[in-house]
Amino acid sequence: MTGTGAAFKLEPSYPEVPYEEKARLFAEIKADARFEDYLYGCYECGICVAACPSARYYDFSPRRIAQAAGREDVELVFEQIQEDIWDCSQCFSCLRCPRGNNPGGIITIMREVAVNNGLASAREALKGYTRIIYKIMSTGTQVSPDMLQADAFPDWGPSVAATSDNLELWRRALPPDTHHTTKTGWEISTKTLVELYLIWHKTGALDLISDLDEGLHALLEEVMEDLLEEEGYEL
Amino acid sequence: MTIPVELVNGPGRKNKKEFSFSADHAPEDFHDHLFELEEAGELVVQRVPEPYLEVPVKYGRSKKVPIGQTWHHKSCGQCGHIPGYSTSIFWVNRKLGIEYHDPTDQTSCTAWNYYASATSNQAAQACVAMRNFAAAHESGHFPIIHCGTSFGHYKEVRHEILADAKLRADVRKVLASMGKALVMPEEMVHYSEWFYAMRHEIAARQVVDFSNISVTVHPACHYYKLVEGDAIYDPEVYGGQRTAVVSGVATALGAEVRDYSTWFDCCGFGFRHILVQRDFSRSFATQRKIKRMKEEADPDVTLTHDTGCVTTLDKSQFAAKAQDPEFATIPVLSEAQFAALAMGAHPYLVCQLHWHAADYKPLLEKMGIDHEKAWAEFEEQCGRLERGEQQYLTWDDVDSEPVEALR
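Chains as they are written, first to last, in the numbering used here: chain A, 9 to 243; chain B, 1144 to 1550.
This is chain A alone, in the form it adopts within the complex (with noise of 0.2 Å):
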């Protein structure tokens, strides 16, 4: 059927690619350590669905991610992990699964597998989320107080203007010594923060966001690179 307006898919959003690419990223999502732990088979009774809070505001169904996993559907495994993974609340309400799969956790590591080939999916779901894994891999805290701006959250109501308006002084009336900070969510020490680098380093976090985004990468290698320096690390 031709036409405008009839329910058919429409084109996807993404690059095709050779089978062969898709195979070798299926591959890689099945080599992680926990795929086994994660899948079962499926008995389609539907109840990962019904308890899925994505399911209901989007085309998503942890159901299929499980079943295309298990029947090592190539081609549907590639264009979900273009498609459906970022719809993903990461709730793990389908661990309901009476089979004992998560289909959450398999969208964890196609997430992963996603990030680190640089998939297209991957930089349009992260766009203007980069800040935030600026601020916690360079800062060791997610989000920060001074995240809290009004023009950033206009849908939270007039209690975040004046939060911003007095934050410093806010912070400052907190009882807890580690809570006046508005740059991190708490006070976190030089080694400690030393000490999160080396992790990031050691374990090839920091190289894994090289293909997502060249800039945030170089940035990041620049701030721990500083500091360890300072410190008397050398990588």
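Don't take each hint at face value.
What the hints assert, rightly or not - Derived list of chain B stretches under chain A, where covered just means 3 residues or more per stretch with a C-beta under 8 Å from a C-beta of chain A:
(1) 1419–1433
(2) 1493–1503
Said to hold, decoys possible - Result set (DMTMM-like, lysine to aspartate or glutamate): computed pairs, CA atoms no more than 20 Å apart in a straight line:
(3) A:K199 / B:D1248
(4) B:K1309 / A:E44
(5) A:K135 / B:D1422
Just so you know, these hints were derived from the structure itself, not from any lab. Just so you know, even glycine gets a beta-carbon here, dropped at the ideal spot from N, CA and C.
Go by the hints and put chain B onto chain A.
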């Protein structure tokens, strides 16, 4: 106080199959393998310090919860955006005269980012967890974890460390390079388990009557859905059909816990969604949770026990109300803030309710707390900071006489 299972009155209750404890269906107890690895010299097990309390967990087992000597593993979202959450946890400890440590040698678990963006890997996540555990062990304190996601993620890390010798070796090598041992706590303990274990002690210090307060409870997904065997299930609370944390504390404080049909649903946080795709988070939080709670239970407050849940359920209500003036809002608190209020904590100096978005003032009025007077006290204390009389408020300041006179 018991909450009978009959009170679970969701649709189709009569047809529901109830969970019953059975050794046949229980997963292996991780402790066996943990102690084997310790015996083999593969890792150090940090024992729960005495005195501790034993609480019931799923499959009829029990879990040790330390009373004191705790190392507070803080939460990004709590400390950053809802600081009254962590402040209330500390305040309750202090009021009960319990020693604890609030470390600067602690990083985030980084799991919020991992579940949002996957810009990390299994080894890095395990190293971050084990570095924090080693730091706790070095301090002589036992980790107690403020965030539900940190708690769930660390349980997964524990499972992976115990099951995967290569991962264990890789992590051990990274930690050794920074002079740290591979240390695993004997138990993974969430702060809400400490509140549950201490609920009678807390109730004994209660100074504000909650007998006219009704609550709904949102159990945090990562607390009980990830590695479910560690979560508290008490036959006295809903017949052990749901996790007992939060509900157990609310009933111990005399509040009425009301049921609603979408209790199992998540809050809508979504990790990535709450930061860059909030249309989903807002819709889910308001349509599937707040609206249902209001229609089915009409509570004075909804209580939960995780960073993301408080944030999503609280902050999402403004847009729903702006779009529909008839949308009825519900204040959202952690049970730590709720318990602190019961014990007489200041709503602003301790519980920091001014960081919350949904209107909490009707709740304070129903509790008999004069929020206008309390706000004037908060502003007076802030004025002292502005006038340069001191740089920071201290615990002594928030417990000073004028503040205590509030009640």
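For this session: List in ascending order the numbers of the hints, as given earlier, that are violated by the structure.
Result: none
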